[in-house]
Each structure stands twice: as structure tokens, then as C-alpha cells.
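Engineer: Sequence:
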Amino acid sequence: MNNNHHFQNTPAVGLSFHNSHYAVTKQRHYAALNLQLERLQVNMAKLENHVETTAEQLRMIENFGIAQGALFMASNRVLGPQASNI
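In UniProt numbering, the protein residues as written are 1 to 86.
Just so you know, not all the hints are guaranteed correct.
[Said to hold, decoys possible] Beta-carbon label-pair distances, calculated as ranges: (1) 31 - 56: 36 to 42 Å; (2) 69 - 36: 46 to 52 Å; (3) 39 - 72: 46 to 52 Å; (4) 23 - 44: 28 to 34 Å; (5) 34 - 56: 32 to 38 Å; (6) 30 - 65: 50 to 56 Å; (7) 17 - 53: 51 to 57 Å; (8) 74 - 36: 52 to 58 Å; (9) 26 - 59: 45 to 51 Å; (10) 70 - 30: 58 to 64 Å; (11) 42 - 17: 35 to 41 Å; (12) 40 - 65: 34 to 40 Å; (13) 55 - 27: 40 to 46 Å; (14) 59 - 19: 58 to 64 Å.
Keep in mind the hints are simulated off the structure, nothing from the lab. Since this is a predicted model, take the numbers as computed values, not measurements. Just so it is clear, CB atoms sit at the ideal spot from N, CA and C, and this is done for glycine as well.
Input sequences plus hints: build the corresponding full structure.
Structural biologist: Here it is, written out as C-alpha cells:
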């Protein structure tokens, strides 16, 4: 009977090892996911800065286009019809 008792304990030890291995693997996966989440947050902050810069540049380009159009219209008035013949 002692042999049967010994065999009954062996699966429990194996199960305990399996559970601890599973817990370690799970912990490693969570650590890897946490690292990826940190990288994602850094990249999202960079993206937000780039979007803000792009929006500011678009406003400046719009103002530049308005100023350029105003210069063309003013030069047409100053030069008059003779500029159209050139």
C-alpha cells in the first residue's frame, strides 16, 4: 500500500510544478504586455505631438496661401492690363 500512496503523491507534485510553471509563464506574458503598452503610450504621445505640429503647419500654409493670393491680385492691379499681355 505504501507504493500506491507514493504514486498518488507524484501527480500532485507534477501538478504543482505545472501550476507554478504556468504562473511564471503568465507573469512573463504580463510583463511583456506591460512593456508593449509602455511603448505604445510613448508612441501615442509622439503621434499627438506630430498631429499638433501638422495642424499648426496647415494653419500657416493657409495664411501663406492667402497672402500669396493677395500679392497676385495686388500685382495685377498695379501692373494693370499690360501684365496680362506678357
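Engineer: Starting from the hint list further up, note which numbers the structure goes against and sort them upward.
Structural biologist: none
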